[in-house]
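Put together the whole structure using the sequences plus the hints.
Chains as they are written, first to last, in our numbering: chain A, 1 to 484; chain B, 1 to 484; chain C, 1 to 484; chain D, 1 to 484.
Hints listed in this document are in silico derivations from the structure and should not be mistaken for laboratory results.
Values in this document were obtained by computation on a predicted structure and should not be read as measured data.
Some clues are possibly wrong.
Here are some, though not all, of the chain B residues that point toward chain D, as calculated from beta-carbon distances under 7 Å [claimed, not checked]:
(1) W67
(2) M253
(3) L334
(4) H337
(5) V339
(6) Q470
The following label-pair restraints were derived from C-beta to C-beta distances [to be verified]:
(7) Y464/A x D244/B: 57 to 67 Å
(8) A458/D x D369/B: 47 to 57 Å
(9) L84/A x H62/D: 33 to 43 Å
Where is the CB? At the ideal position from N, CA and C, for every residue including glycine.
Each chain, written out:
Number of protein chains: 4
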Amino acid sequence: MSQAPPLPTAGGKPKKPASQRIPIIAEPFVSERARKTLDIVEKFVEEECIPADPIYAQQLGHGDERWESHPFIIDELKKRARELGIWNMFLPKNHYSNLAEYDSSGGAGGFTNLEYGLMAELLGRSRTASEATNCAAPDTGNMEVIARYGTHEQKAKWLRPLLNGDIRSGFLMTEPDKASSDGRNISLSIKQEGDSLILNGSKWWSSGAGDDRCKIFIVMGKDANVREGEAGYGRQSMVLVPADTPGLVVHRMLSVYGYDDAPHGHGHITFANVRVPASNLLLGHGRGNEIMQGRLGPGRIHHAMRSIGAAEVAVEWLIARLNDERKIPFGKPLREHGVLLEWVARSRLEIDAARLIVLNASIKIDSSDAKGALVEIAEAKILVPQMALDVIDRAVQAHGAMGVCQDTPLASSWAHIRTLRIADGPDEVHLNQLGRRETRARAQECIGRIEEWKARTADLMKKYGIEEKQLGGSKVQGFAKAKL
Amino acid sequence: MSQAPPLPTAGGKPKKPASQRIPIIAEPFVSERARKTLDIVEKFVEEECIPADPIYAQQLGHGDERWESHPFIIDELKKRARELGIWNMFLPKNHYSNLAEYDSSGGAGGFTNLEYGLMAELLGRSRTASEATNCAAPDTGNMEVIARYGTHEQKAKWLRPLLNGDIRSGFLMTEPDKASSDGRNISLSIKQEGDSLILNGSKWWSSGAGDDRCKIFIVMGKDANVREGEAGYGRQSMVLVPADTPGLVVHRMLSVYGYDDAPHGHGHITFANVRVPASNLLLGHGRGNEIMQGRLGPGRIHHAMRSIGAAEVAVEWLIARLNDERKIPFGKPLREHGVLLEWVARSRLEIDAARLIVLNASIKIDSSDAKGALVEIAEAKILVPQMALDVIDRAVQAHGAMGVCQDTPLASSWAHIRTLRIADGPDEVHLNQLGRRETRARAQECIGRIEEWKARTADLMKKYGIEEKQLGGSKVQGFAKAKL
Amino acid sequence: MSQAPPLPTAGGKPKKPASQRIPIIAEPFVSERARKTLDIVEKFVEEECIPADPIYAQQLGHGDERWESHPFIIDELKKRARELGIWNMFLPKNHYSNLAEYDSSGGAGGFTNLEYGLMAELLGRSRTASEATNCAAPDTGNMEVIARYGTHEQKAKWLRPLLNGDIRSGFLMTEPDKASSDGRNISLSIKQEGDSLILNGSKWWSSGAGDDRCKIFIVMGKDANVREGEAGYGRQSMVLVPADTPGLVVHRMLSVYGYDDAPHGHGHITFANVRVPASNLLLGHGRGNEIMQGRLGPGRIHHAMRSIGAAEVAVEWLIARLNDERKIPFGKPLREHGVLLEWVARSRLEIDAARLIVLNASIKIDSSDAKGALVEIAEAKILVPQMALDVIDRAVQAHGAMGVCQDTPLASSWAHIRTLRIADGPDEVHLNQLGRRETRARAQECIGRIEEWKARTADLMKKYGIEEKQLGGSKVQGFAKAKL
Amino acid sequence: MSQAPPLPTAGGKPKKPASQRIPIIAEPFVSERARKTLDIVEKFVEEECIPADPIYAQQLGHGDERWESHPFIIDELKKRARELGIWNMFLPKNHYSNLAEYDSSGGAGGFTNLEYGLMAELLGRSRTASEATNCAAPDTGNMEVIARYGTHEQKAKWLRPLLNGDIRSGFLMTEPDKASSDGRNISLSIKQEGDSLILNGSKWWSSGAGDDRCKIFIVMGKDANVREGEAGYGRQSMVLVPADTPGLVVHRMLSVYGYDDAPHGHGHITFANVRVPASNLLLGHGRGNEIMQGRLGPGRIHHAMRSIGAAEVAVEWLIARLNDERKIPFGKPLREHGVLLEWVARSRLEIDAARLIVLNASIKIDSSDAKGALVEIAEAKILVPQMALDVIDRAVQAHGAMGVCQDTPLASSWAHIRTLRIADGPDEVHLNQLGRRETRARAQECIGRIEEWKARTADLMKKYGIEEKQLGGSKVQGFAKAKL
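And the structure:
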């Protein structure tokens, strides 16, 4: 593979490497090490992962066999990524003490959120790249949770193989028939009995539950050992539950616009008296929402940047389509149709604006933490999926029937990014929260400012001896006078 | 005025000063001097200019008197701005040689486009602030043109009083019945006869032509002394024409959604054998478009940032309105209506994204020049006015009938920013150019990349001995077989 | 004028007369008399009113004189309309008893809401046409109110001259600093003392208050003689107040964007112990909201159809612009620019859809009454202004700078139709009410239907002996089994 | 089944039967027979088809077995529909001579386009209903083509079993790598050699090709026997090709987003020297585009009305969701969230407007033919799919994760209606054509009208002795004078 020619081969001017395409405003924030890694990641994604994406689909097979194993191309890619030194880049490893003890992967973490964000954009261009570099959700968030909140025993047992890419994991939060966007509604029951925790209830959208390598779930539930109101935000706890624990049954897989996402899958799972040791509790009784909050910020940045990567791929398919010499409807090649050129322009513009919003949010997290960047993260969470859906939908439309089928990545990209307007809370919840925060926090400031302006204007009126003249002045005065 | 209390007085937490509200991603680009100036500008705008805006309207008077003088409050504000040392901040003075010779204003130029952009946002919050600091269009662009391209004589005569704020100026490009967005269509005739230039034709949207202080016009026309094709891009020249030159007649003033913008005004002007000395030519015969190009980049940044300032003011009115205790339709204060909170959130988000686009474009200009930042400037030019119109229109709607009248700055802001979707070329021209450039420049790259991906996939298929499996696999094969 | 050639003269195929352009679906509802009237109205509007619109503006003059009289062209047009027999067409006269007693105008009323709606569309094409035919708001609604609810004395005094076009009138509902969209918030105080009613408070957006012919106001206020809760919906009453009653002062005129709408005007009025005879009460104490409801339905249809007329005019300007031979930006006439053709198509489509919505609502009112057509009227109220604004804004944009000024009717149309998204309740109130009504009224139906479907499916599953197969079937079963 | 209780059972007020929900404006066009049929269709769809939709999916099975047979529930539903007398309602049978000879189905055709349109809306509510009543595409269009253009032999062989529901059919037009929206680009080769026609080339999006009951294809191709330009619009012919003809190979099935639509399927088919008798030619050499045009109009109405049916179902799911007592995010049931109520209102409004556009187009076809209704059909074609996608997407979003999966019909509806923005020509082609037609057809009329208005205004100016007064009048005059 290494003797492969540089992309592209078809006479096109190669685009500059990723390290030279960083928006100028973000450049001061990117280290030399990150730039080098960025270019290695790009080369790997373009030359090895994207071409492997269709192989992944083929190796998956048909019908039920699709759930019975995973395509072995992914193992080859993982091996390759480790050789290239691009592994676990998501991990801000300097943040955690004693991490080295559990990490024998040699991974390349330690980047800022901004730096890893730029890499995540590249990973988002391919179906296989995130997993190939051990940077796939929900494992990344799960590893962060265990690294930050886990006990020595928990880390040794679960973090080690996860960092090594030997197993995968699930994060079980969403429940059917609940408004799960509000964490306090989570109601799977967790009850401590002696040295055990007993879980009863059901979860769905348990992503990854279909994969035979998925060995551990982080499960959120309502903790019977926490009294109402005791724990502030909620009564939820998080528990580590091995996938093969008796009583835990994956009933079915949910589809996303017809895609079942085998072998990963989105499981509907029931818990009937599922029993795990009390030592599997994470952080403490009633601290589930606290863990949740810490987990969400960087994860949203990762999702956003991967979506931007998918949008950029869509633009590339769009531009290629407009220059397709075989497509000459009504006597003009597609690139001469003004409406389509507008689509390219708007897509360029909207992607660039969205990227700056995410990068700014990343820097804000880097400079303080996720709590200090609430507004910026919410902006990224809301803006990016809608932008990416618009961009991809334009590319679909420009491809005609080809755009909705398996011959491009567009339809699949669209369907999966569509879920990001729902996951981690629907857009409307975030818009409402952002609007409410802004409206409340600035109420006095805005009212006060306008009143102050008016008071100063009144002073100036007096100072200059001005009486207010009004539209229709003499008329109004005459009219008024006539009545007296 | 100096003993005035800090804003706001109504119990609100004062917002942080402008120097501390710079988006974190832009901070590395802002000097200490710029930060200090920014805070002085903010204080001046909030405490002196915005309260003076209604005074300006009142001093203007009614009916035709509105065209006969200018409100004297503006002279007071100008005096005050010079005292504060905030004058001519737009001027990148280090770019020009010998400028000091013509500049006795003591102005505070020498800022980067980014730094001045941040100030322009603040100036855009008030009707009077730009003129008060001698940073108003079209004077700023005109001063830049004369500073860059003028002769010693031209600078002494026109640049000096302009820098000093003693006179104002017009820029006459747009013509009725022409598609002026394409500079080559400009057709006012310029003809050299001996030592004179003779101008014939008409111009409209000559902004500032109503003001009695407007003494000089920069006029663009088609030069009879340049042969077709000789000058590359066009045959246009630019000429300095004093406003009182015989034969130049301002016929009427054009309105903007009912606003006549007295005393500034937007004139419709005819030229009948208007004669000026040949030494009034700028730069050289046929070099009008070249001057034009240089003038546009920074001007677009200024317009964009001022519009962002106006959008921020609209958000402040919106938030104040939502917290107005007298407005309780259907039993809930406006701040409890979910749709309105979404408007605040979307406005926050859209302004922040647009600002980052403009700041990134500014830095790009600063790091090379306007030509090197074509794409970034186009993005700002297209994105900002549409965003600001959306934001302001939401504030209008939330104010009900109050929003469309003279009791807030909203309706007037909307109408004037509406013209920015047209001025310097309508959105559609810029979208088309941006789309065309992107589509052409990346055609080979995108086609090449997709072909390369396919070629590599084919190699992998061969390597792994995979035959393509298709949806409906066995069926398709059986079906096909049946026919043989 | 009668010898004028048929429109258009410039070689264009004349469009078919209005009676032949009725949407085919609405034809069965239009009488022969209405068709004939429609064509007379169209000829009058096209040949006499639209050409008179600029005369109206010129006769209005400048400065304060604009408020001191009304352009006499309107009197000529009114005379002409009466000659043509197109006068008071809005009046469903057969609905009222004894109307003939007060109506010596010879007006052509008695049309259905659908029929008059079609005429209103034509009237909406011109600034002067509605007034010329005595079909202008707010007089139309006011005449309906007095005809329906007035006493003999009230009719004799006010309805007679209104029907005759001798005077004009105002409808004073909206108050500053109130959420007037909810009628129960109206708080101008009305108090009966002996034989008098005393009014105190203020009103704004009192349209028509600037006109010297405006002699009578219908004023809505909170009636001190009605106890809380007594009158069901509210405590508001309506009172006839002559414009020259002492204590009533028009303080100023409000502008719409930059238009002051002289001489009509939108007044800000205060009432200080304004005293009128108790016999000026309309219908009864506390019955203001009842009158209000009856007034609104047809008025919304009229506004909607006039806006559609304005949108059609905008399309005509747009099409003319696209075919302007002088506008050839970038080498192609505007009519070759794909984006602009899309604008024409979308405008065509959106106008046609909106018109059908309004016509359907009209027929619904005709077949029952405004209460029976609540949903349909709300649809028209919400849909039409937004549609018209979009259509007009496209025409503005296609005209460039010309579009925002006084050289076309576009900017003025836009600004005035913009108020319709606010007047009679902002869009958001109507959307909320429509959504709430639908959501509540159909809750049980929709839940019930879905449950019934599921129950029947379950029956069929049993009948056919089907056990549910799931995505990932065998895997899920195997997976589940492994745990046992 | 007949003893089933009326819908709904859950305490909801049953909605009025379909015959009483016809928009009032359309009522005059619906016969008594159609009303009765409408109610029978509605009862069948609600009580038998929608509950059977999940059975269909279950009987289909998993993996490749999904392509090997069809769910037998469909046969039961077909039997039932024939018993109810609702079969072949799409067929305007009176239009064709001798049809009875081939039709032993006893079907209930003979409705107007409007009447069948109303039925199609009901059929569009269920996945199985169209096929159950033998009203499914592409069979309906194919039956119409054969009925109208077929020879006696062709009718006897293919129309008879199609009318009887014994076989199904495909319509093969779209080709890979062609801009098929322009029929003249179709290039599969058809060549007559003696008594045979030889076909070579490939087709894709051959819908229905997966079904074992699909026995006959109508294939469009470029006819080597027609010389360039000879046949006016194009050189294309249409040929009847039995599905089991040697040389015809279905290579693969295309997916729509993630749906493969088994057993129907969308085939990619190649033709290698496929030979059929010359008597299989339809109508004549080079007459393919002529057949095409006739086929499209009513088909577009059917698609549009079925999409409206799907949108109505989405609204029902949306309303049920908003009233789901288990969904209380942030302390308020979903039905109290203002944004969601707006979604219901907008959906109601947009569906109602779209329906009127389609019904008006249907009546236009009924009153002349598809050619006479070009504009109206284009409006329906463009408006409906976009509207339905918006409505359905709102319902998806309100359902959160449940909305994108198999637990509601929403995601599948969305994906399939998404193809209607592409099929039969993408939106952009239709918008362009509609815009171009309107812009050209009305050019002279619009220019002429505006010129005429101006001429008449000039006459009036002269008549009244008015000189134009301008904004800034005295100033402008003084200014101008000063220069002289």
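Status of the hints after comparison with the structure:
Checking W67/B against chain D by beta carbon gives a least distance of about 3 Å; that is within 7 Å, so the hint holds. Nearest Cβ of chain D to the Cβ of M253/B: about 4 Å, under the 7 Å cut. The hint holds. Checking L334/B against chain D: minimum C-beta separation of about 11 Å lies over 7 Å; hint violated. Because the smallest distance between the Cβ of H337/B and any Cβ of chain D comes to about 5 Å, under 7 Å, the interface hint for this residue holds.
With 7 Å as the threshold, the beta carbon of V339/B comes within range of chain D, its nearest partner Cβ sitting at about 5 Å, so the hint holds. Given hint, Q470/B at the interface with chain D, holds; its Cβ is 4 Å from that chain's nearest Cβ, closer than 7 Å. Checked against the given bound of 57 to 67 Å, the beta carbons of Y464/A and D244/B, roughly 31 Å apart, lie outside it. The beta-carbon spacing between A458/D and D369/B, approximately 51 Å, falls within the hinted interval of 47 to 57 Å.
Remark: the range hint 33 to 43 Å for L84/A to H62/D is upheld by a beta-carbon distance near 39 Å.
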